[in-house]
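K.L.:
As given, the protein sequences belong to chains A and B, one line each in that order. One gets our numbering by counting positions in the first sequence from 1 and adding 9 to each. One gets our numbering by counting positions in the second sequence from 1 and adding 41 to each.
Just to be clear, a hint being listed does not mean it is correct.
Covered, in the sense of this in silico footprint (three residues per stretch, anywhere, with C-beta under 8 Å from a C-beta of chain B), are these stretches of chain A [claimed, not checked]:
#1 19-25
#2 102-108
#3 114-121
Straight-line distance between alpha carbons at most 20 Å, and here's what the computed SDA-like set of lysine to any residue pairs gives [said to hold, decoys possible]:
#4 K18/A / K109/B
#5 K49/A / G148/B
#6 K18/A / H86/A
#7 K18/A / F51/A
#8 K50/A / N82/B
#9 K18/A / N82/B
#10 K109/B / D108/A
#11 K76/A / N66/A
No wet-lab data here; the hints were simulated from the structure. We put the beta carbon where it would ideally sit given N, CA and C, even for glycine.
Listed below, chain by chain, are the residues.
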Amino acid sequence: DTAVSQTPKYLVTQMGNDKSIKCEQNLGHDTMYWYKQDSKKFLKIMFSYNNKELIINETVPNRFSPKSPDKAHLNLHINSLELGDSAVYFCASSQPWADTEAFFGQGTRLTVV
Amino acid sequence: AQSVTQLGSHVSVSEGALVLLRCNYSSSVPPYLFWYVQYPNQGLQLLLKYTSAATLVKGINGFEAEFKKSETSFHLTKPSAHMSDAAEYFCAVTGGNAGNMLTFGGGTRLMVKP
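Produce the complete structure using the sequences and hints provided.
P.N.:
Here's what the structure looks like:
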C-alpha cells in the first residue's frame with residue numbers, strides 16, 4: 010500500500026490553464042503539506058494543513074490554493090499557470106509535531122508550455 | 042528564522058570510500074534535524090533524524106550523523122560507499138516558528154564511482 014500517493018505523476022499544460030494535483034495519505038496523519046522542488050532541486054514549503062488550519066508560505070502566489078476535503082486528502086489547485094510554475098510538486102504528511110518524520114509522495118512533474 | 046546550508050552541491054567518491062556530506066544549520070531554538078535521500082524520479086525518504094536524544098544518530102543503509110551544537114553541524118557519514126548510494130541528499134530542520142514544516146538545505150548530489 011502506498012502511504013502518500015499523488016496524481017498525476019506528470020502534467021503538461023499550456024500557460025493560462027487551471028490545473029489540480031491530488032494527494033491522499035493512508036497513514037492517519039493529522040498534517041499534510043505541499044512542497045515545491047525547482048529545477049535546481051531546491052525544496053521549499055508551500056502549505057501546511059492541520060485540522061483545517063492552513064499555514065501559507067508568504068512567498069506562494071495566490072494563484073495556488075490548497076483544498077482539503079478531509080484529513081486524508083490535500084489537493085493543490087493552480088490558476089492561470091505560468092512558465093515559472095514548472096517544477097516538481099511533492100505532497101507529504103506527518104503527525105503535527107516538529108520531531109516526527111514526514112512521508113513524501115512520488116511527486117508530480119508539472120511542465121507549463 | 043531557521044536555515045540550512047549544505048556545503049558542496051556535488052560530491053564524488055569511489056565505491057568503498059568514506060562518504061561525508063556536510064550540513065550546517067541556523068536556529069534560534071534547539072532544532073530537530075533530518076537527513077532525507079531522493080533517488081531519481083522518486084520522493085524523499087528519511088535516512089535519520091536528531092531529536093535531542095543521542096547526538097550520534099544511526100540511520101538506514103549504514104548512514105549516521107553527529108549533532109554538534111558548538112559547530113551548528115549535522116554532517117552525514119557512511120564508512121563505505123556503495124553504488125546504490127548515488128542519489129540526492131537533503132538536510133532539513135524543523136522547530137521554532139516553523140513548527141513541523143521542513144526547511145531544507147540546497148541538497149548534495151552524491152556520485153559513486155566504480
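K.L.:
Evaluate each hint against the coordinates.
P.N.:
Results of checking the hints against the structure:
no., hint, result
1, 19-25, "violated (count 0)"
2, 102-108, "holds (count 6)"
3, 114-121, "holds (count 3)"
4, K18/A / K109/B, "39 Å, violated"
5, K49/A / G148/B, "9 Å, holds"
6, K18/A / H86/A, "15 Å, holds"
7, K18/A / F51/A, "19 Å, holds"
8, K50/A / N82/B, "12 Å, holds"
9, K18/A / N82/B, "10 Å, holds"
10, K109/B / D108/A, "18 Å, holds"
11, K76/A / N66/A, "15 Å, holds"
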